[in-house]
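K.L.:
Dock chains B, C and D against the given chain A, drawing on the hints supplied.
4 protein chains.
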Amino acid sequence: MTLTVGVDIGGTKIAAGVVGEGGQVLARSRTRSPATDPPEIVRTIGELVRGLVAGLPEGSEVEAVGASAAGFVDKQRSTLVFAPNLAWRDEPLRDHLERELDLPVVIENDANAAAWGEFRFGAGEDVDNLLMLTIGTGVGGGVVLDGELGRGGFGMGGEVGHITMVPDGVPCGCGNLGCLESYGSGSALVRTTREHAATDPGAAALLEQAGGDVEKITGPMVTAAAAAGDAFATARVVELGEWIGRGVATLTAVLDPNVVVIGGGVSEAGDLLLDPIRDSFARHVTGRGHRPLAEVRGALLGNAGGIVGVADLARRR
Amino acid sequence: MTLTVGVDIGGTKIAAGVVGEGGQVLARSRTRSPATDPPEIVRTIGELVRGLVAGLPEGSEVEAVGASAAGFVDKQRSTLVFAPNLAWRDEPLRDHLERELDLPVVIENDANAAAWGEFRFGAGEDVDNLLMLTIGTGVGGGVVLDGELGRGGFGMGGEVGHITMVPDGVPCGCGNLGCLESYGSGSALVRTTREHAATDPGAAALLEQAGGDVEKITGPMVTAAAAAGDAFATARVVELGEWIGRGVATLTAVLDPNVVVIGGGVSEAGDLLLDPIRDSFARHVTGRGHRPLAEVRGALLGNAGGIVGVADLARRR
Amino acid sequence: MTLTVGVDIGGTKIAAGVVGEGGQVLARSRTRSPATDPPEIVRTIGELVRGLVAGLPEGSEVEAVGASAAGFVDKQRSTLVFAPNLAWRDEPLRDHLERELDLPVVIENDANAAAWGEFRFGAGEDVDNLLMLTIGTGVGGGVVLDGELGRGGFGMGGEVGHITMVPDGVPCGCGNLGCLESYGSGSALVRTTREHAATDPGAAALLEQAGGDVEKITGPMVTAAAAAGDAFATARVVELGEWIGRGVATLTAVLDPNVVVIGGGVSEAGDLLLDPIRDSFARHVTGRGHRPLAEVRGALLGNAGGIVGVADLARRR
Amino acid sequence: MTLTVGVDIGGTKIAAGVVGEGGQVLARSRTRSPATDPPEIVRTIGELVRGLVAGLPEGSEVEAVGASAAGFVDKQRSTLVFAPNLAWRDEPLRDHLERELDLPVVIENDANAAAWGEFRFGAGEDVDNLLMLTIGTGVGGGVVLDGELGRGGFGMGGEVGHITMVPDGVPCGCGNLGCLESYGSGSALVRTTREHAATDPGAAALLEQAGGDVEKITGPMVTAAAAAGDAFATARVVELGEWIGRGVATLTAVLDPNVVVIGGGVSEAGDLLLDPIRDSFARHVTGRGHRPLAEVRGALLGNAGGIVGVADLARRR
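Protein chains in written order, with my numbering: chain A, 3 to 319; chain B, 3 to 319; chain C, 3 to 319; chain D, 3 to 319.
If we strip away everything but chain A, and leave its shape as in the complex, we get (with noise of 0.2 Å):
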């Protein structure tokens, strides 16, 4: 049997894993992430890797490595053009790794190698169009059409956060006006929760839990508390649903998938979040009535989603 390794280069920590062909995962390690110097990050990989492949059974062979990374990456899967956590521009980051390493490695943007793992090895196994969204701090994402990661014109494409929702709407980090991600992230989660706790009675359960200080309510607080009942926190999650839902409308209308991934830190709030994502789907997407609509399913593989699905793409290099 064959192995690959996927990477995943995050802003504090670099995660990787050795990766069967049917996707599971043999080992895995992480360590701190050195994040905004390049030939450490490098040299940091390299040691992760050798760690790994050392530790496997005899006999074992590793043929390829997949990194990821947020940021835009250039359709060579060579360079990271734009990696606003990691302060990288223009880094030829394949080569640099395939010298560390000396194996063949394949780049890919981190939200596109999730949505591949969970089109191969998870939620999205049964179809061969796959739209995913993940919800965390922001919003990534990334589409499979018939079986095909869809990467763009120039490799940039899948960036599903940053359709526009609202004209001249709340600002996004990205520098455009109201973009999902504004609205439908976690940290749109946060955001609005304080705004409402700020004047709402309804918010005094989950402002006690913060100490009184609204600027310190989390989006796990709010989740937790949704989960646990609360009214005002299981509000706060159906906007959020709603707005995502609005986004699924709209990249339906272009995309058209058969399964809609839900995935990210704030998706572990399951039906919570899926629910009002569903309803909200269903009333906006053009069309309806007349046609079949995709399916809305909670990610599988968790945070190894992204490590699974770049070794898989290192595989099929």
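Possibly wrong hints are sitting among the right ones.
For identical chains, the list gives no copy identity; a pair is met inside one copy or between any two copies.
Stated by the list, open to error - EDC-like cross-link-like pairs, simulated, lysine to aspartate or glutamate; straight-line CA separation at most 20 Å:
id: 1; residue 1: K77; residue 2: E150
id: 2; residue 1: K77; residue 2: E127
id: 3; residue 1: K218; residue 2: E65
id: 4; residue 1: K77; residue 2: D128
id: 5; residue 1: K15; residue 2: E297
id: 6; residue 1: K77; residue 2: E297
In case anyone wonders, no lab produced these hints; they're calculated from the structure.
P.N.:
Below, chains B, C and D without anything else, positioned relative to chain A:
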């Protein structure tokens, strides 16, 4: 040389053409459309195609037929699921045409067919990833990704005119509020021009052409006046382009095309319309300054694009 | 005791009442409206008023007449500048009525008259600053500031239904896009209910009442179903209240009323509508948490409010 | 001749002036503001006013003092309920100042005071109904209706900068989303100019003035560049005026003023800003074509308007 035939089934007429491998149209014909009577349409297409074939030089052989119509076509490209202009529902058009013509038949959405035509033989011949918007009464469109037509998981993708631009915005024929079609179509151009003309003294010249009746202002009147330098009409075309450019920006976040092709009747305004689209697109796309931008080009094949495209799809069936 | 008469000129009927100093209606009468024929309307009002006066107890004296209609009334309260339902333009109604009736006459916008009625004898009797919204086919309204009716510099103020809620939003009968009337009126309630009913299975019960035809759903049907506990209908009324509450919040930034009175046919839904208005208002008003909030109350005078109000304005002429 | 004193309490300075019956400023003085220390502010105002009075010609008599500040003032014009810049809550400023000065005192919101100044002695001297917008860092304003200052039922009316322009729009300092202040203020001008300058090559000249750093672009830089004919800067000022004009249109639906006065620092751009406001207002007001339109004029009193206004309000206490 093998030939295929493309057929464009419209609400008022049916057009057909014999198309060579290189996209050249060898013969064309058209007739009135018995729009709401599917069996009669099948017979009419039969006559039209047989007439064209009969006129071909000896030794010519037609190997397949492609037929396109506005509406949802299923993933198997055999059934017209929903065609508002033709009042059809779940019509197994491929089977009926194959029986009538005794040739293999492929069904495709008309805007997809036009996009494919431009991709293969027109304004997008040089790239692998293309987005086409057809600006007519409505806004149609099609998507080519890595050389494949993006049809979606159920065959209903590429409805780029029905992304939501304005939440709770101007009602669209599709039943949603605020679609791109509500702001970026020829109908929207006429609607906003009439609205402004009712109270804007600058509309005097245009209004005179319409016999003093705002309700008699037409789209071609507006684009012709703009082409002749009329400031009021130009402002309306610029507004239209502003909206289309915003739509292209959102679509680019997802699709990242190499080229955006603008077709349809309104696109005959040329750079009068394309320049505002380019300008608005560049101002609204996510990641601007950090990414290559798709070129925005006018369509090259005019209204033959659909016939050429669907004929080529029949060849590649 | 001196009496005045109030006349309400509508598109389908004309109603009149004799009103005492305390706002009590001593006698009422109504007749069909010869809407588009101003001289005939003047004669009809003449008959109506003389009939009422003839029936009064001996010794009663009518000192003045107030007449209200939907439309713009000039600052001198004498001319109906523009009345869309009556197809009138610049009609010197006061002069014509004074000649017909041989009594002093005051003309007022109908929604202003209703607001004045509620201010003097109804839901706003206890305060000096009142905002009234009349939720009927459209959204009318009136403003009382420090005990004076806010008529504006040209007599056309108080058109609270035509503040813009959504830029480039749903077209309004006034020619603008996105007015409060487009979202907060009885017509909007019907429009959105029909839209949803077309595809929402939850609408089954309501749809059955309408004989299975979404186009036969009416406003009273929706509010009655909501009153009976139908979840789908309730959701529509809540949405309506959400929009009205947002409108009240914007109006409060400018006017800061002590009381907001909600009248008009749709307001008969009572707290079903008022509670969502209160909730939305409290969530959207600027400076919330740092200011006293106006109470939101239902109107008390029903459709007599306009007659009572305009009769009182005639008394204070 | 009796005199009154107007005091303008700002976050960085306190200015005062002795004002005659005709609005003439006879003497002025200013000092640094001990902003967050109310007792110290009261003492500082005491010194400032006594100093001014001491310098008046013999026989002059000051009969009352008006003091204005940004914030909510209660209906009795005695308490500063909430003043964000001064960090005051429920401060009984009138009582403290009367004790300090031994003169009758009136407290007023600063934008209301400026509106009253323009109404009595400035750009609105000839009319009874006036709307003023003060375009500075934020958007303030005031309303005069039939010759009376519109203070609302709780004293907090006239907050014209906090009408909602865009649902779910750009966050405002007041806690709401999408206020006029978010789009029509000097801060908005700077924000949008910086956004555009980051990617628009047309911004080169302006950017050079800012030393190549978009974050160093200021409002006066933009209006000066626009005045000098810079196309990029002009476009930004036009956009600002477009938003303000939309706001004026919504406010006119409610208030129907005879004159709209535009003041504040940004209004020094004159017709560069006023013309786009006029144009946008005329295109967006309800009932256009059927109503007289308010004239849009620049303020005449500059930053003395507040002092003159509040001094006059003290006279009419």
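K.L.:
Each hint needs a verdict: does it hold in this structure or not?
P.N.:
Each hint tested on the structure:
Proximity of K77 and E150 under a CA criterion of 20 Å is satisfied in both settings, with 14 Å inside one chain copy and 16 Å between copies. Within a single copy, K77 and E127 get their C-alpha atoms only as close as 25 Å, which misses the 20 Å cut-off; across copies the closest is 19 Å, which meets it. Taking identical chains as interchangeable, the C-alpha atoms of K218 and E65 are never at most 20 Å apart, the minima being 47 Å within one chain and 52 Å between chains. With identical chains, the CA atoms of K77 and D128 are at most 20 Å apart between copies only, with a shortest distance of 16 Å across copies and 27 Å within one.
Taking the closest pair of Cα atoms, K15 and E297 never come within 20 Å of each other, the shortest separation being 33 Å inside a single copy and 38 Å across copies. Proximity of K77 and E297 under a CA criterion of 20 Å is satisfied inter-copy only: 17 Å between copies versus 30 Å inside one chain copy.
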